[in-house]
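Using the sequences and the hints given, assemble the complete structure.
Note that the numbering used here has the sequence shown beginning at 1, numbered continuously upward.
Source of the hints: derived by calculation from the structure; they are not laboratory data. Ideal placement from N, C-alpha and C gives every residue a C-beta, glycine not left out. Be a bit skeptical, because a hint or two may be false.
[To be verified] Derived Cβ-Cβ restraints for the label pairs, each shown as a range: (1) Ser-89 <-> Gly-121: 36 to 46 Å; (2) Glu-29 <-> Asn-105: 27 to 37 Å; (3) Pro-52 <-> Lys-107: 33 to 43 Å; (4) Asp-113 <-> Leu-68: 11 to 21 Å; (5) Lys-107 <-> Asn-33: 29 to 39 Å.
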Amino acid sequence: MAQSIFTHLVHRQHLDAVFEIDSAATSREEIGNPPHYGTKNKLYEEHIPLIPHRARQMTRDDYLYYDLLIGMDTANIRNMTRIAGGSDSQQKIFKMLSFADYGTNHKLTAARDVADPWYTGDFDATFDDVISGCRGLLEYIKEVYNL
Numbered sequence: 001m002a003q004s005i006f007t008h009l010v011h012r013q014h015l016d017a018v019f020e021i022d023s024a025a026t027s028r029e030e031i032g033n034p035p036h037y038g039t040k041n042k043l044y045e046e047h048i049p050l051i052p053h054r055a056r057q058m059t060r061d062d063y064l065y066y067d068l069l070i071g072m073d074t075a076n077i078r079n080m081t082r083i084a085g086g087s088d089s090q091q092k093i094f095k096m097l098s099f100a101d102y103g104t105n106h107k108l109t110a111a112r113d114v115a116d117p118w119y120t121g122d123f124d125a126t127f128d129d130v131i132s133g134c135r136g137l138l139e140y141i142k143e144v145y146n147l
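Below, the structure written as C-alpha cells:
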C-alpha cells in the first residue's frame, strides 16, 4: 500500500525522475505474494493506481543502496536494522508515522505503529495512517534534499 500511495504522491508533484521507490518485506511470510486484495480494493476506492509487485525480502544491499528505508511498525524497524547488519549506522531507517506531522511542524516525531490490516482487517485505518506518513515523508524529502 505504501509504495503505491507514495508513488502516486510523487507523480502528482511531477517528481518521478528524482525518486526510486521500492517495497521489500522484513520477514519471509509473504515472499512471492502480490498485494492483499484488501489493499487493492482500498487503493481502487481512493483512485490510487496499484503498483504491481510481488513481495521480496529486504537485503543488506537495499540498506546500502537506498537513501531512506521506511518501516510500518516496531517489528519492521527491528528486522530492518538486523538485515542492515545490526545497526543503522547511516541513519536511514525510520518508522512511517515519524513523518505524519512533518508537513505542519517540520519535525520528526516518536511514532506509533501503522495499523496492520493483517490483524485488524481495517484497511481504512491503515490507509489513513499510510497516506499521512507518506505526505509528511514527501515534505521531509523535498526539504532535506532541496527538491
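Taking the hints in turn, this is what the structure says about them:
no.: 1; hint: Ser-89 <-> Gly-121: 36 to 46 Å; in the structure: holds (38 Å)
no.: 2; hint: Glu-29 <-> Asn-105: 27 to 37 Å; in the structure: holds (36 Å)
no.: 3; hint: Pro-52 <-> Lys-107: 33 to 43 Å; in the structure: holds (35 Å)
no.: 4; hint: Asp-113 <-> Leu-68: 11 to 21 Å; in the structure: holds (18 Å)
no.: 5; hint: Lys-107 <-> Asn-33: 29 to 39 Å; in the structure: holds (36 Å)
Checked against the numbered hints above, the structure violates none of them.
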